[in-house]
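Student: Residue strings, one per chain:
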Amino acid sequence: MPTAPAAELKLRVGVDVVGVARLERVVGDDERRQATVFTEHELAYCRGKRRCYEHMAARFAAKEAVLKAFGTGISQRMRWTDVEVVNEASGRPRIRLDGAVATYAKRHGLQDLDISLSHTEDLAFAQAVSVWEQPAEDPCAST
Amino acid sequence: MADVDSAVREAVVEALALDDDEVTPESTLMEDLGAESIDLLDILFRIEKGTGVKIEASDLGDYIQGGIPDDEFSDDNQIISAKGAEQLHKVMPQTDPSELEGKLNADEVMTLFTVQNLVDMVKGRADGAGG
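Top to bottom, those sequences are chains A and B. Under the working numbering, the first residue of the first sequence is numbered 1, with each subsequent residue one higher. Under the working numbering, the first residue of the second sequence is numbered 144, with each subsequent residue one higher.
Keep in mind the hints are simulated off the structure, nothing from the lab. One or more of the hints may lead you astray.
To be verified - List time: in silico DSS-like cross-link candidates among lysine-lysine, alpha-carbon distance up to 27 Å:
(1) B:Lys226 / A:Lys106
(2) B:Lys246 / B:Lys233
(3) B:Lys192 / A:Lys106
(4) B:Lys197 / B:Lys233
(5) B:Lys233 / B:Lys266
(6) B:Lys266 / B:Lys197
(7) A:Lys68 / A:Lys10
(8) B:Lys266 / B:Lys226
(9) A:Lys106 / A:Lys10
(10) B:Lys266 / A:Lys68
(11) B:Lys246 / B:Lys266
(12) B:Lys192 / B:Lys266
(13) A:Lys68 / A:Lys106
(14) B:Lys246 / A:Lys106
(15) A:Lys10 / B:Lys246
Claimed, not checked - Quick look at which bits of chain A chain B covers, simulated, 3 or more residues with Cβ under 8 Å:
(16) 27 to 39
(17) 78 to 84
Virtual Cβ for every residue (Gly too), placed ideally from N, Cα, C.
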C-alpha cells in the first residue's frame, strides 16, 4: 500500500534591530501609543525595568523579527500586539501569537518558533527562527 | 483640520528625516523612501497629530485588501488573484491589474503604496469620520 509522502520542514529566520532612542521618540510615554504596539503584559514587564525603553525596543525588534521569519511584514491586517513576548520563569523569552498572526501561522503550518533578544543602551536586536511544515509534492500525482 | 496633503507630506518628511524635495506623491514609502515598520508607526502617529485621523498599521492592510478574504485575495502560494489585483487598482490607481495578477506576492503589496495612496486613505478616513 503506497504511503503518503512525508511533509517537508522549512526553516525561516528573521532579524531586526531597533534604535532605543528612536523607539522612545516614537511611542514616548503616551500610553495609547504604547498600547498600539505592546500588550498589557509587555508594558507591565517593561515598566518594571530600570531601562524601560531598552526592553520596549527589544520587544519591538522581536515582533519585527517574527514577522520577517514568517515572510511577511506588518502588511496583512496584522497588529503588533498579535506578537507578544512573554518571559518564562528562567527569564528566557518566548513568543505568544494572537489574532491575524496566529491565524496566518495556523494556515501556513507553523510548527515551532523561537526568539532571542539582546540590547544595549543604544540598540536592541532580535532574531527569530520559525519552522514550517510543507506538504511534500506527491511524485505520483498527475499535473 | 489641517490640509491632509501637507500634513501627510510633513509627517513623511519628518519621520524619515528627508529633505522636502525628496518626497513626491508618487514616491513609494518603503521602496523609494526606505520606510521600515518603526518609520510607518512614526508616520501614522504624526498624521494623527496633524490631522486628527487615527490610522493603525493594521488598518493599512484592511484598506488595501478591501474586505476581501485572504483565500480570495491571493492563492495558497500568496500570489495575488485577479480579484486581488482589481482591489489593489482601486486603492492604488497607479497599478496595472494585468501586471499584478498571478505575479505579485501578497507580502510585496505594501512596497507599491505611495505617499499619494496614503493621502487618499487619510482623506477617506477623514470624510468617513464626518470631518
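Student: Work down the list of hints and note, for each, if the structure agrees.
Tutor: Okay, the hints, checked on the actual structure:
1. Between B:Lys226 and A:Lys106 the alpha-carbon distance is near 24 Å, which keeps this suggested pair within the 27 Å criterion.
2. Simply put, B:Lys246 and B:Lys233 have alpha-carbon atoms about 18 Å apart, close enough for the 27 Å limit, and the pair holds.
3. The suggested pairing of B:Lys192 with A:Lys106 is violated, with an alpha-carbon distance near 37 Å, which exceeds 27 Å.
4. For a cut-off of 27 Å, the pair hint linking B:Lys197 to B:Lys233 stands: about 22 Å separates their Cα positions.
5. Restraint check for B:Lys233 and B:Lys266: satisfied, since their Cα atoms lie roughly 15 Å apart, inside the 27 Å limit.
6. Using a Cα cut-off of 27 Å, the hinted pair B:Lys266 and B:Lys197 holds, with the two alpha carbons roughly 11 Å apart.
7. Distance check on the hinted pair: A:Lys68 and A:Lys10 sit about 14 Å apart at the alpha-carbon level, within 27 Å; holds.
8. For the given pair, B:Lys266 sits about 25 Å from B:Lys226 by alpha-carbon distance, which is consistent with the 27 Å threshold.
9. Taking the CA atoms of A:Lys106 and A:Lys10, the gap is about 15 Å. The hint holds against a cut of 27 Å.
10. Proposed proximity of B:Lys266 and A:Lys68 is contradicted: the alpha carbons are some 31 Å apart, above 27 Å.
11. Pair hint B:Lys246 plus B:Lys266 does not hold up; C-alpha atoms about 30 Å apart against a cutoff of 27 Å.
12. Distance check on the hinted pair: B:Lys192 and B:Lys266 sit about 15 Å apart at the alpha-carbon level, within 27 Å; holds.
13. For the proposed pair A:Lys68 and A:Lys106, the alpha carbon gap of about 16 Å is at most 27 Å, so the pair holds.
14. A hinted pair counts as satisfied when its Cα atoms are at most 27 Å apart, and B:Lys246 with A:Lys106 qualifies at roughly 24 Å.
15. A hinted pair counts as satisfied when its Cα atoms are at most 27 Å apart, and A:Lys10 with B:Lys246 qualifies at roughly 23 Å.
16. Using a Cβ-Cβ cut-off of 8 Å, 4 residues of the segment 27 to 39 of chain A lie near chain B, which meets the minimum of three, so the contact claim holds.
17. Only when three residues or more bring their CB closer than 8 Å to a CB of chain B does the claim for the segment 78 to 84 of chain A stand; here the count is 3, and the claim holds.
Comparing the model with each earlier hint shows violations of hints 3, 10 and 11; every other hint is respected.
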